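Engineer: Each chain, letter by letter, is given below.
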Amino acid sequence: MAELSLDGVTKRFDDGGNDIIAVDEASLEIDDGEFLVLVGPSGCGKSTTLRMIAGLESVSSGTISLDGTVIDDRQPADRDIAMVFQSYALYPHMTVRENMSFGLEESTEMSDDEIRDQVESAAEMMGIEQLLDRTPSELSGGQQQRVALGRAIVRSPAVFLMDEPLSNLDAKLRSQMRTELQRMQEDLGVTTVYVTHDQTEAMTMGDRIAILDDGRLQQVATPLEAYHEPANRFVAGFIGEPSMNFFETTVEDERLVGENFDYPLSEETRADLGDATDVTLGVRPEDIELVDTNEGDGEHDFRTVVDVVEPVGSGNNVYLAFEGDESASELDMDESRTFVATIGGLRRIEAGQPAIARLPEDAIHLFDGETGEALHNRNLDDTETIEPQL
Amino acid sequence: MPSPDRTDVGRSIRSRLSDLRTRLVGDTGDDESPVRTDGGATVSRGSAGTGLSDRLRSLRNSRFVGSLPFWLPPFLLMGLFVYGAIGWNFLISLTDMEGFGDPDYSALDFQQYAELFGSEAFINAARNTFVLLVAFTVLCLVLGLVLAILLDRTLRLQNTFRLVYLLPFSLSFVVTAQLWAWMYDIDNGIINSVLSLGGLRPDWIGNPQLVLGAVIFALVWQFSGYAMVVFLAGLQAIPDEHFEAARIDGASTITMYWRVIIPQLRGSVISALVVLMIGALKAFDFLYALFGQYRPAAGADILATLMVREAYSNQHWAYGSAIAIVLYVLALLVVIPYLYSQYRRGAL
Amino acid sequence: MSQETVTADATDGESSTSDLRDAIGGKRILLYAVLALIAVYFLIPLEAGLVTSFKTNEAVINTAPYLPPGPDGFTLQNWAEALDTLSSGLVNSLVMTIPATVLGALFGSLAAYGLTQISWKGQIPIFALFVAGVFIPYQAVLVPLSQFWSMIPLETALSPLWALPLLEPYHADLIELIVTHTAYGIPISTVLFRGYYMGLSDEMVEAARLDGAGVFEIYRRIVLPLSGPMFAVVLIYQFTQIWNELLFALILVGGTGPSAPVTLSLVGLGTSLEGVDFGLRMAGAFLTALPTLLVFIIFGDQFAQGVAGRT
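Chains as they are written, first to last, in my numbering: chain R, 1 to 390; chain W, 1001 to 1348; chain E, 2001 to 2311.
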């Protein structure tokens, strides 16, 4: 059993008199055997959090405990954890076998025979038994990655910590290792904290994901919850590829007034907004429907012009500009006011073509314009209606 | 990937690993700490002792304390010989120590320094020291850089040329002095045997106008190879793309080096300077060996030779110590900006 | 024929990745000519010294200094005499240089590793003192140093040692030199090793900490085995520096005592009232230079690569 819990964990760095808060009051409960992914943009404090759990960084305030015992004053080696590093951090002058034995030799009283058995079992499990007598420089990136994992499993720790372990692999190998790592973690049932900046990795691997931004925990949820019910605008924008479209609007009576459009709201949706006056309207690209120019005259249909089409094979990313908004497509991304819709890969559509974009009300998210907090998330009823069809 | 097999292997290893785990936990008999803890202390915050024991533990765990056995003994040995000695030297320079007596530390004053700055020999030696330092370092850096650029453009024999250019660096100043004494020999030396074809026969070592230049030339011969090695390493660390990008931007070879490549060699300049300075500070050895005595020929006296001569030939210990302090202050004028720039670059 | 080679080289050059760094065609011949000319500048004093060392006194005066001696002018007398005069100096130098080099490098490695264990801010003042120690003019410590060693009766204190075979009372001087050179070798060794250790992967050291290795085990099992290239540089550098040093030997040993290192003995070699015996001097110079020359010829590549790894 290994339940890891973080309670108000804070990390302050002293930078020439100015305190920099790298992690701000992070509280998390990670269940036994759970695969938790810490995800966020670079510099958000995810690696620092992981390093505090490992004991490589001290905790400025708050506590970290493993199965109810506070561990933040223990040496890293005494925390019953193993870590896989981004660079793998293999010892270059030792063979794979020596790399894997090192931790057992240093931290346990095991006999040489026991160590050899355990190293060989772990190597067999990772499929690297034929590499045991090579040195890291003789291995490919993928093999080094396996050795790094093997070095972690061989110690049979209570918790695995992984710091972007797949980011040095090429794309194909990365997705293969993703699956393999997940399977390994399920088999071993070891509580795992996994850090990544890649939201796809987070979505596909985590039992739950914890999204960090600017040192603060934004949301801890299952991948689908984070996707469909983001706690705030940051999470909504960070999770999902292409990102959710956002439109800044003001609330006027029962409508949202944007720069290029008016969006009428139903009574229930309007009720969620309360007193908010500035509201960000968010809609995921796959929820935008492109309808025929002659049937699109509903209140949530808008006339647009196709700016750019990016075919990705299974679908097309269509960048749209509101009709009459000539300066919408600027080279500068920040200035660009286009928004993106994804449509089926077999639909033909070309740049310059007019199109009607439908933003269905049951798919929109509304965020407070000032705090970014979610005021209203999409309606999930239709997911249940789809299920029986499968 | 044969997934069912893998899963089976996974299951079996999992149970074996967990067996081992239980065994280990059983061995130590300590649920909180399944792995050995150094010193055997497992302290959870709740049961931690107060005050003293807390502090003792944090002291033992402190990385600073753990690092002491490594750096403190070398630091003390070095500190005693370097900073202890400099302090002592300063003290001696404030006394009137001369001849065979012990220094009298009861009457300290700056008299030696007053004498020093009024002395023509000192002013002369200080000027020669300055000329030697500047000319020597600049010439070594320039020659080293040119050699490195030329060598960087070769594909073959690079290591051979590098070794040849580096060979003089391996020699003692005493050896260099013998070799160049022969090169500069007025009657039979190579230089004059070539110049005599044009009817010239300068006395390189005897002529006060020429001797300092001759000394610098020999020192540059010895050290420019080292500067070349450092620059070559710096050049080879620059990716080919920078050369290619500069070419595509239409830069000529000279512009390419001057504006794109050389500015990237700052670090190399600094690390070459370190060794050149150390070498220049030992120029005493060269001059002493060249002339075979404490007094170099007129025109080649530097602070380093003046100091040793005053102290060990004339037994003016306090006076010599005062010269040594001046020499140290000159070194500090180089060291402090160097330390500061390294600190600013985060390279310290 | 030669033209073919040149063209082949040129096309070869164009397809190579470092194409633009590599001069092409006729330019390349010029480049190699210039490099060879410079090589002559670096080699001529050595060559002149070497041929002169084999000349009789008459040949030194009568033949061109850079030409080898004729059959009448050839002699091994200079080398024999130099070896005879310098042999005890050579032994003394070896006895002094090897321990001082190894100890200095070891202390430097330990100090540098110790410093990497402290937070960056904490180690700055300590490390700054090491760096400043690199640039110490030996003159600045000379008078205290000779006072210090004259106050310590090393020869009497170690008198039981002199009963041992091969040890003589004058070896006390060499012990003084060993301690002195070790102490002044620590700053540069520390600086060189620290630069190297800063380049070692932090994650690797952290992995070792997580694996349960303490500060000492990390040094012994991870850092020390990976220090090889830097040890090569520091040992080569310190060996040449200490072997070649004159000032400390002159002040601490003085004159031509039995404990004089070779550099000290070389200074007076071949000079007399009648003039300078350059043949003898050159033979002595080469004998003195032989160990360091050999070190550079054998390990020069490692040294250059180690210097490269540092910058």
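Don't take every hint at face value.
Listed below are several chain R residues computed to face chain E (Cβ distance under 7 Å; list not exhaustive) [said to hold, decoys possible]:
(1) 77
(2) 83
(3) 87
(4) 107
(5) 136
(6) 138
(7) 258
These aren't lab readings, by the way, just hints derived from the structure by calculation.
Since the model is a prediction, treat every value here as computed from it, not as a measurement.
C-beta atoms are modelled at their ideal positions from N, C-alpha and C, and glycine is treated no differently.
Engineer: Tell me the hint numbers this structure goes against, listed in increasing order.
Structural biologist: 5, 6 and 7
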